[in-house]
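Chains as they are written, first to last, in our numbering: chain A, 1 to 252; chain B, 1 to 346; chain C, 1 to 288.
Keep in mind the hints are simulated off the structure, nothing from the lab. Here the structure is a predicted model, which means the values were calculated and not measured. A couple of the hints might just be wrong.
Reference excerpt, derived from the structure (chain A facing chain B, CB under 10 Å, subset only) [stated by the list, open to error]:
id, residue
1, L94
2, G95
3, L106
4, E113
5, A118
6, R120
7, L164
8, G168
9, T242
Below, in silico cross-link-like pairs of lysine-lysine (DSS-like), each with a Cα-Cα straight-line distance of 25 Å or less [unchecked claim]:
id, chain 1, residue 1, chain 2, residue 2
10, A, K43, A, K70
11, A, K70, C, K33
12, C, K33, C, K157
13, A, K70, A, K41
14, B, K6, A, K146
15, C, K277, C, K33
16, A, K146, B, K7
Here are the computed distance ranges between Cβ atoms for each label pair [claimed, not checked]:
id, chain 1, residue 1, chain 2, residue 2, range
17, C, V258, B, L298, 51 to 61 Å
18, C, A257, A, T72, 40 to 50 Å
19, A, G24, C, F5, 37 to 47 Å
20, C, L56, B, L85, 54 to 64 Å
Backbone N, C-alpha and C fix where the C-beta goes; we use that ideal spot for every residue, glycine too.
Residue strings, one per chain:
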Amino acid sequence: MAVGGARDPEAQPIMPETVLETVGLTMRFGGVVASDNVHFKLKERELRCLIGPNGAGKSTFFKCISGLHKPTEGHVFMQGTETTGWLPHQIASLGVGIKTQNPNVLNGLSVFENIWMAARRFYPNEEASDRATDIIDKLALSYIAKAELGQLAHGERQRVELGLVVVGNPWLVLLDEPAAGMSSADVEHMSRIIDDMTRTAAVIVVEHDMQFIRSIASTVTVFYQGAVLMEDHVDGVMSDPTVRNVYLGKKA
Amino acid sequence: MIGLWKKQDLLAFIIALIGIWLLPTMISTYTLTILVIYGMLGLSLGLIWGFGGILCFGQAAFFGLGAYTYAIAAINIGESTVPMLLAILVPGVFATLFGAMMFYGHLTDVYLGVITLVVTLILFKFINSTAGPQYAIGHARLGGFNGIPGFHTLNVPGRTDIFIWGDTLYYVCALALLVVFFFVTWLLRTSFGRIAIGIRENETRISLMGYDVRARKTILFAIGAAIAGLAGALFANWGEIVTPGLFSLQQNAEVIIWCIVGGLGTRFGPIIGAAGLAYLKFLLGQQTLIDNAIIMGLILVIFVLFLPKGLVPATTSLWQSIYDRWPVRRSGSRRRTRSRSATHHA
Amino acid sequence: MDLFFVIFVEILYGIASLALISIGLAVVFGMMKVINLAHGEFMMLGGYATITAVNLGINVFVAMLIIAPLLVGVIGLLVERLVIRHLYGRLVDTMLATWGLSLFFIGIVTMIFGNTTTSITTPIRGFAVGNYQINGYNFFIIFMACLLLIAIYAVLKITRLGLIARGTMQSADIAASLGYNSDHIYMVTFFCGASLTGLAGAIFAPLVGLVPTSGSAYMAEAFITVVAGGPSLIIGLLSGATAFGAINQIVTFTSSAVLGEVAILVAAVIILRLIPKGITSRFFKGKM
Chain A
1 MAVGGARDPE
11 AQPIMPETVL
21 ETVGLTMRFG
31 GVVASDNVHF
41 KLKERELRCL
51 IGPNGAGKST
61 FFKCISGLHK
71 PTEGHVFMQG
81 TETTGWLPHQ
91 IASLGVGIKT
101 QNPNVLNGLS
111 VFENIWMAAR
121 RFYPNEEASD
131 RATDIIDKLA
141 LSYIAKAELG
151 QLAHGERQRV
161 ELGLVVVGNP
171 WLVLLDEPAA
181 GMSSADVEHM
191 SRIIDDMTRT
201 AAVIVVEHDM
211 QFIRSIASTV
221 TVFYQGAVLM
231 EDHVDGVMSD
241 PTVRNVYLGK
251 KA
Chain B
1 MIGLWKKQDL
11 LAFIIALIGI
21 WLLPTMISTY
31 TLTILVIYGM
41 LGLSLGLIWG
51 FGGILCFGQA
61 AFFGLGAYTY
71 AIAAINIGES
81 TVPMLLAILV
91 PGVFATLFGA
101 MMFYGHLTDV
111 YLGVITLVVT
121 LILFKFINST
131 AGPQYAIGHA
141 RLGGFNGIPG
151 FHTLNVPGRT
161 DIFIWGDTLY
171 YVCALALLVV
181 FFFVTWLLRT
191 SFGRIAIGIR
201 ENETRISLMG
211 YDVRARKTIL
221 FAIGAAIAGL
231 AGALFANWGE
241 IVTPGLFSLQ
251 QNAEVIIWCI
261 VGGLGTRFGP
271 IIGAAGLAYL
281 KFLLGQQTLI
291 DNAIIMGLIL
301 VIFVLFLPKG
311 LVPATTSLWQ
321 SIYDRWPVRR
331 SGSRRRTRSR
341 SATHHA
Chain C
1 MDLFFVIFVE
11 ILYGIASLAL
21 ISIGLAVVFG
31 MMKVINLAHG
41 EFMMLGGYAT
51 ITAVNLGINV
61 FVAMLIIAPL
71 LVGVIGLLVE
81 RLVIRHLYGR
91 LVDTMLATWG
101 LSLFFIGIVT
111 MIFGNTTTSI
121 TTPIRGFAVG
131 NYQINGYNFF
141 IIFMACLLLI
151 AIYAVLKITR
161 LGLIARGTMQ
171 SADIAASLGY
181 NSDHIYMVTF
191 FCGASLTGLA
201 GAIFAPLVGL
211 VPTSGSAYMA
221 EAFITVVAGG
231 PSLIIGLLSG
241 ATAFGAINQI
251 VTFTSSAVLG
261 EVAILVAAVI
271 ILRLIPKGIT
281 SRFFKGKM
């Protein structure tokens, strides 16, 4: 448990620290409001899923936090520091691991090189190599450590991307659709990895796949038309009639 | 990963020394000098384009800037050591400012190509129009399209009366190229160089890892410009005159053709491409049947269409497919091959 | 008063000539997202075609308005079929290949016509406004620029071909899914672009002493006008040409012609730094 009370005298000392907070986050593209006055809080080592129908604004929200978009209005705080409008590399430098929706890897380089580069940002050369090797072992990627990313299967590439996200030992991990297009075996693997992450980091997962969300069983924030519709445990959300209407009902 | 230098570097070093020693028996040192200088210019673009992914259509600008800086400084100072250093520094500083302007504005690909080309044309047009006596820096008149002749050429540092020219200039240039080559080799194996290659592969991912892509591209761009500036200063010493033609579209096109033909993403490719094509141009210059622009143009078109990876990577993969027991793995994406020695980590 | 009139005409001329120089490039870039670095050489070829035809005794306007566009159009067609067709979607490679072609054309023309200046006389006489002499040919250039822009607008707006073209500009996939062969569309577009470029080269031929490397002078200007103009074909072309044409003429008038050219290049660098995707990516969005 962190010493959350040291920063905020009114908060109860036992409460875990809020590591990510957005206040009135709004993002407009021309006349379209993609993210509408979102107030969001994430606690230390919490696992949170963001769901919602297509165009509900979860990806926009995700991009505003990770620095890929600059929000029109509102504020983002990370561990108490305001990071509104920061660039991705500044946010990542804080110790935030980010995985975008489309696999973003270095296709012409090997698995080891990919992960080494991510590690090198936070550790000197030799230690970066050791850590990269460790992560490769942990993710069961040793058999392809020297293969070029461009030649790997989709699931393997996703796993490599997770590897380079976690190798820097982040305290906050942002994952946009990590299970998209993966086989069920891969998905199972993925949920174990995510579970592992929460031992040291807070994790946000943007996801469509309800099966996957159930398997990692977490608190869910439902987005609808740019705003937060509700926030509850996955079971509560699944049984909520409004949510079923806007999201699950449409899908089924 | 372990150690920055490898066995093949020693091999390359020995072969290069033998080459430097043997080549004058086949080609005149006067011609060889320019081949070596062009090799360095090719390598400078090969570094930033082939490894850094920065599409610069104006590398000749830095070459010309280096040459002009040397000429102007040499006239004013009357010796060669400080002008040589300035010829490296001025293009480097210029490229830092210019690069920062482009990269902090997130210009990429085509737009980068356009701007670098346009800046070269600005320099070309400006220098071309400075024929009047009012255009002078210190004692040096810019001379417009006539260029600047008659400046102090390379001398032994500290001895302004002992000039380096002829055969000696060739050996100096060849050793300079060797030094630059091993500098580039070293740079590409440092974490800076590896991350530069990462930026070429996927800029977004590298910034999501927490690296400042803009600053890194600016630095790499400046290093490339400084190398081109050094090549330009050596060129000034070889030609004993600098003209606006150094900034011309033709000169720009040639640097790009060298890199494409030799192979991007390799260190040898641009050097071999530059020296080979410059020698071809020299041979073509001795006949009047076919204009050499036709040949250069056709070579570029044919390579882009049929051999976009260039000669060195193509030869390397051929060699490997013969000698490797494992089948050659082909990358799906073009222009992404690197020489194995340059980027192989583990 | 006379001075103002003269300056006004000069600025108008500056804008019109930039528009004329860039029109072919804009069509090809707008429709196909291809940047043709041999654009300047297409203009140079148009110029040589005109001068050769005139020297053979053909009427100058026939040479200029019919022979040059047709000839360069056919050359463009060949280039598209032989080279560019294989490189669609590879923007950088297309630029490189067309750069190679530009060298190739320079070489060919040098071999045929030699490296000396060729020229013909201006077919329209100048006249005086007060104390100032105005080149009558300037009005012809302004007229031709307006005519071509209106013609392109009309073709895009009214005809069926224009509709397909606009569809392709939005998304090549949509046009393809509607059953139009994008291969054919691109072929026709490139022919039109090359013809327009040849026409522009022909119109400028009487104004310049033509040498095989003349193209490179046009290329930079056309290039920046189109890229700074941005995605919209006509509005982009007009805004790019207006910005640079005005800057060029004003600087030329207050200092020298060379500084005028340098000024537009500097302006281009600044505009692209501020609005990397061109003027119409920010203003006049979604117009033609």
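Consistency of the hints with the structure:
1. L94: The hint holds - L94 of chain A has a Cβ within 10 Å of chain B, the shortest such distance being about 8 Å.
2. G95: holds, 8 Å
3. L106: Hint holds; L106 of chain A Cβ to chain B Cβ min 4 Å, cut 10 Å.
4. E113: holds, 5 Å
5. A118: holds, 5 Å
6. R120: holds, 5 Å
7. L164: This hint holds: L164 of chain A lies near chain B, its Cβ roughly 7 Å from the closest one there, short of 10 Å.
8. G168: holds, 7 Å
9. T242: violated, 35 Å
10. A:K43 <-> A:K70: Given pair K43 of chain A, K70 of chain A holds - Cα atoms ~23 Å apart, limit 25 Å.
11. A:K70 <-> C:K33: violated, 28 Å
12. C:K33 <-> C:K157: Given that 25 Å is the threshold and the Cα spacing comes to 20 Å, the pair holds.
13. A:K70 <-> A:K41: holds, 19 Å
14. B:K6 <-> A:K146: holds, 19 Å
15. C:K277 <-> C:K33: Since the Cα atoms of K277 of chain C and K33 of chain C sit roughly 13 Å apart, the hinted pair holds (cutoff 25 Å).
16. A:K146 <-> B:K7: Satisfied, since the Cα-Cα distance of roughly 21 Å is no more than 25 Å.
17. C:V258 <-> B:L298: 51 to 61 Å: violated, 34 Å
18. C:A257 <-> A:T72: 40 to 50 Å: holds, 46 Å
19. A:G24 <-> C:F5: 37 to 47 Å: violated, 58 Å
20. C:L56 <-> B:L85: 54 to 64 Å: holds, 59 Å
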